[in-house]
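Novice: Letter by letter, the chains look like this.
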Amino acid sequence: MTGLAALIRRDIRIALRVGGGALIGVLFFLTVTVLMPFAIGPDLPLLTRLGPAILWLGALLASLLTLDRLFTADHEDGSLDLIVMGRTPLELACAAKALAHWLAAGVPLIVATPVLGLLLNLDASATSAVALTLLVGTPALTFTGMIGAALAVTLHRGGLLLAVLVLPLSIPVLIFGVAASQAAITGPLSFGTPFSILCALSLVSLVVGPFAAAASLRHGLD
Amino acid sequence: MRLSGRQIDCIRGGRGVFSGLDFEASSGEVLAVVGPNGSGKTSLLRLIAGLLVPAGGSVILEGGEAELTLPEQAHYLGHRDALKPALSVHENLSFWRDFLGGKAGDVGQSLAAVGLGHATHLPAAFLSAGQRRRLSIARLLVVRRPVWLLDEPTSALDTAGQTLFVGVMRDHLASGGIVIAATHAPLGIETRELRMGGAT
Chain A
1 MTGLAALIRR
11 DIRIALRVGG
21 GALIGVLFFL
31 TVTVLMPFAI
41 GPDLPLLTRL
51 GPAILWLGAL
61 LASLLTLDRL
71 FTADHEDGSL
81 DLIVMGRTPL
91 ELACAAKALA
101 HWLAAGVPLI
111 VATPVLGLLL
121 NLDASATSAV
131 ALTLLVGTPA
141 LTFTGMIGAA
151 LAVTLHRGGL
161 LLAVLVLPLS
171 IPVLIFGVAA
181 SQAAITGPLS
191 FGTPFSILCA
201 LSLVSLVVGP
211 FAAAASLRHG
221 LD
Chain V
1 MRLSGRQIDC
11 IRGGRGVFSG
21 LDFEASSGEV
31 LAVVGPNGSG
41 KTSLLRLIAG
51 LLVPAGGSVI
61 LEGGEAELTL
71 PEQAHYLGHR
81 DALKPALSVH
91 ENLSFWRDFL
101 GGKAGDVGQS
111 LAAVGLGHAT
121 HLPAAFLSAG
131 QRRRLSIARL
141 LVVRRPVWLL
151 DEPTSALDTA
161 GQTLFVGVMR
171 DHLASGGIVI
181 AATHAPLGIE
191 TRELRMGGAT
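So the sequence lines, in the order shown, correspond to chains A and V. Using the UniProt record's numbering, the first residue of the first sequence is number 1, and each one after it goes up by one. Using the UniProt record's numbering, the first residue of the second sequence is number 1, and each one after it goes up by one.
Please note: incorrect hints may appear among the correct ones.
Said to hold, decoys possible - Taking beta-carbon pairs under 7 angstroms as the criterion, some of the chain V residues facing chain A (in silico):
1) ALA49
2) LEU51
3) GLU72
4) ARG80
5) ALA82
6) LYS84
7) ALA86
8) PHE99
9) LEU100
Because the hints were derived from the structure by calculation, they are not lab data. For each residue, glycine too, the CB sits at the ideal point set by N, CA and C.
Working from the sequences, and respecting the hints, build out all of it.
Specialist: See below:
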């Protein structure tokens, strides 16, 4: 267990230091969301209607932006070899790395959501609904994205491949995340149904992600 | 303790690197893997470390801890130093101590032993190539593993560093360890030699 805790601590520490990339995601999220009202125009009801979708798209792209470094950084400097050889099962090590990535890059997105909600004319209850769906949904984005990151680890410039591999997998998360937020804001659907499906998607990805990533890392190493 | 390989075949990228390779090393022995570039020295080390799968044959460690696999009892010191430039020297080493687990020693002492005692709080980004290598060697000291797999361990080390490293290896061998080192330069220690053939 100390090994996993050490891995999580190290990854968070690296992400928060200069050039680590945790803040790049938030900045990207901020930029995308701030530009939207300028592009769409001062139509407040329209902004409210589009708000959850914009926030979700921004969060999805922002989390994708930093995911490609999840394993490549460790691969390039040789750390990944030692992690594979270590006494900690690779599946758990993958889960720890994804958790660290989520804590460093995913949580700041959720924290930024209430501020950005203001720009999209979302009231307090709507913003909290979006933040809640992001809280539940972003782990699914990270843990499915990890599979793509593990597959692309040996490729130089695997970032684009990562996007192509991961985006289709994140479509269900996007659909139910936005559906749940919309349901909370406008109805008529109940918030509970899409939200439970979103939770289920996250739980499935928490289980499947580490195993798939570990398997592809073992195959990909050479 | 005895580490041996029988009839190992290695294929990488569709090309046979070596085949039918036998080797053997016992406690207190250094096996120096020598041969021209491309003869498969690194491949052999990575194969023993479990990072490559042999196309044929097997590697067996006798007399190790029964519930652990060979890679879990081995240190691998590769070309790449496994250091994070954003972390300090101390943070880098204490991460590997915590992550690798097993019988662990003191980070400060290990750093002092490789002559990095003065630089513990320096970010690893500012280290020279030789200092990075010394920090990797400190990893071998801070966590005790019986088998050391070293790929060009003395590259980038100055004369003092090489002498220091010979001392480190002697201590390891005296405590019953095994060293397998791929090398071009003589290690400065009595070795058994495994000559890899030319490119096939």
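Novice: Each hint: holds or not?
Specialist: Tested hints:
Of the supplied interface hints, the one on ALA49(V) holds, with its beta-carbon coming within about 6 angstroms of a beta-carbon of chain A, less than 7 angstroms. The beta carbon of LEU51(V) is positioned within 7 angstroms of a beta carbon in chain A (closest approach about 6 angstroms), and the interface hint is therefore held. Among the interface hints, the one on GLU72(V) holds; its C-beta lies about 5 angstroms from the nearest C-beta in chain A, closer than the 7 angstroms criterion. With a cut of 7 angstroms, the hint placing ARG80(V) at the interface with chain A holds, because the nearest CB-to-CB distance is about 3 angstroms.
For ALA82(V), the interface hint holds, the least distance from its beta-carbon to any beta-carbon of chain A being 4 angstroms, beneath 7 angstroms. A least Cβ separation of about 6 angstroms between LYS84(V) and chain A falls short of the 7 angstroms threshold, and the interface hint therefore holds. The interface hint given for ALA86(V) is met, as the beta carbon of that residue sits about 4 angstroms from the closest beta carbon of chain A, less than 7 angstroms. Among the interface hints, the one on PHE99(V) holds; its C-beta lies about 5 angstroms from the nearest C-beta in chain A, closer than the 7 angstroms criterion.
Restraint check, LEU100(V) versus chain A: the minimum CB separation of about 6 angstroms is within 7 angstroms; hint holds.
Comparing the model with each numbered hint stated earlier shows that all of them hold.
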